[in-house]
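Undergrad: From just these sequences and the hints, can you work out the full model?
When we follow the working numbering, the leftmost residue of the sequence shown carries the number 14, and every step to the right adds one.
Just so you know, the hints here were simulated from the structure itself, not pulled from any lab data.
Beta carbons: idealized from backbone N, C-alpha and C, even for Gly.
Do not take every clue at face value.
[Stated by the list, open to error] As a list, the in silico SDA-like pairs of lysine to any residue whose alpha-carbon atoms are at most 25 Å apart:
1) 361 - 402
2) 361 - 167
3) 361 - 196
4) 361 - 186
5) 538 - 153
6) 361 - 131
7) 538 - 117
8) 538 - 22
9) 538 - 495
[Stated by the list, open to error] For each label pair, taking beta carbons as the anchor points, the in silico distance ranges come out as:
10) 432 - 173: 30 to 38 Å
11) 42 - 455: 51 to 59 Å
12) 381 - 432: 21 to 29 Å
13) 173 - 59: 21 to 29 Å
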Amino acid sequence: MTDTADSARHTVVVGAGTAGSIVAGRLAEAGHRVTLIEAGGEDTNPAIPHLSRLGELWHSPEDWDYFTVPQEHASGRVIHWPRGRVLGGSHALNAAIWVRGNPLDYDDWAAAGCVGWAWRDVAPVFEALEAWDGPTADDAAAPRGTDGPVPVVGSYRRSPIFDSIIAAAEAVGVPFNADYNSGSQEGISQEQLTVADGRRVTTYMAYAKPWVDRGAIEIHTGAVVERLVVTDNRVTGVQLHAGPNAEVEGVSPEEPTADLRSDGEIIEADEVVLCAGALDSPKILMRSGIGPAEHLREVGIEPVVDLPGVGENLHDHLLVPVIAEATARTIEHPENEIAVTQTHLFWKSTPDQDRPDTQPLHFCVPMYDDQMEGPANSFTLHTGLVRPYSRGRITLTGPSSTDPAHYDPNIFSDPRDREALRASLRQGRAMAASSPLAEEWGAREIYPGPDVVTEADEDAYMDRAVTTYHHQVGTCRMGTDEMAVVDPATLRVRGVDGVRVVDASVMPFITNGNTNAPSAMIGEKGARMLLGG
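TA: Here is the structure:
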């Protein structure tokens, strides 16, 4: 940090999640004055470091605990969306799986008008992020980084059930892929995890916390941003929520956070960077009068900038579980088990796909939802869709953060999604019935169950069991058309000065695979833009 930090440009970063922590850390490293605002509290929950305990964090004080509206094309289901409300953001709650995405994903971004975001542009950023512990082939299409801030571990010892799951995938025609991040994604692989010494490492820990500890980042926890302060078409700061934590949307009155700021103060800034994620960044913009003008007037907000794309283009990855009991062997869960999910696969649901469109995740525990029950000695092949066509939107119901938002991903509104997921579901059932699982483990399918035979049966099961990866993106997408919210070259919000969005909400299309690594890439690239690089 330089001696001129006190007089340096002041940037307020909203959200200490994956992208926000990187932006804050990089700006502090460059000597900028940084205020980091986080709605949640310290990352002290003892379940956070242990990936095998991630289920304890859902519905906890660290979870915003959001829910979708009833899904019209999925039997009216309401689906839980856990989102991180803690230092580290959703990276503190997720499975810590590191997936860069498919190179064609980023070339699609560039082709859609996002110049500077093609694979050739972002691949070096991924390399700079990583401290990869495995080998990279000399002819790898995408070299791995070895000295970046984010530890990426792929060499941990697998639990025995996952060896059989790999064999089951190979039995149904899916080959083993030693590194899905260095070139081709296709095949079954051991998941690469952001851990060190078996414990979760978030980008807050890697990027921001060292500068917080040195006093170079002023941090506000328990601080909900009510709106941006806009003066003469320029954002000059943020106004915090004035009221008890229990009033804020998504926060349970039974579990208040004592340190939520209640004075409604205004924090002035030379620039504000929204890194609150695909659900909250658009809400902050809309509460500030930046969004679709007609909708804002409907909920009592005077429009400042008419940006019709704010809150639109909401999409996510989908999952449907295949759960089987192990009747012949006990699935052991040693105290040092690194994670309950250790393998996944990438696969094309039809041969004409130019890249995989499914990514099943595999768990050594039964992933029962609230309406399911069954034996504990079970495992899950969570079949999954990663190239959805359906699009939804986020809308407000009122002008305040106390007014709940409506989250509608519009699941299965495009029938192509159902068909791709059906193929993945059938593949998962075939894997459970293959000899490595059926004979070695005595696998007996519990869900969907033997009564699910016809397409109509499959549709009914998908409707009642579909959930998501919790990879929401796209609600402040970058681009050059009238529905674009941010400029691809700078990530500045169109039509207003002094504010940028740097998080998963800027993705025009979701990437293939878990979105934490792409969000980190966006954070690194956004920080370089802020620093003029």
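Undergrad: Next step is simple, just say for each hint if it's right about the structure.
TA: A quick look at each hint next to the structure:
Between residue 361 and residue 402, the direct Cα distance comes to roughly 15 Å. Compliance with the 25 Å bound is thereby established for this hinted pair. For the suggested pair residue 361 and residue 167, the alpha carbons sit about 24 Å apart, so the restraint of at most 25 Å is met. With a C-alpha separation of about 16 Å, the suggested pairing of residue 361 with residue 196 holds against the 25 Å cut-off. This hinted pair checks out: residue 361 and residue 186 have alpha carbons roughly 12 Å apart, not beyond 25 Å.
The suggested pairing of residue 538 with residue 153 holds, with an alpha-carbon distance near 23 Å, which does not exceed 25 Å. A C-alpha spacing of about 22 Å is found between residue 361 and residue 131, which places the hinted pair at or below 25 Å, so the restraint holds. Of the pairs offered as hints, the one joining residue 538 and residue 117 holds, with about 19 Å between alpha carbons and a cut-off of 25 Å not exceeded. Taking the CA atoms of residue 538 and residue 22, the gap is about 19 Å. The hint holds against a cut of 25 Å.
The straight-line distance between the Cα atoms of residue 538 and residue 495 is roughly 24 Å, inside the 25 Å bound, and the hint therefore holds. As the Cβ distance of residue 432 to residue 173 is approximately 34 Å, the hint placing it in 30 to 38 Å holds. Checking the proposed 51 to 59 Å range against residue 42 and residue 455 shows it holds: the Cβ atoms sit about 54 Å from each other. The hinted range of 21 to 29 Å is satisfied by residue 381 and residue 432, whose Cβ atoms lie roughly 26 Å apart.
At about 27 Å, the beta-carbon gap between residue 173 and residue 59 stays in the expected band of 21 to 29 Å.
The structure is consistent with each of the numbered hints, conforming to all of them.
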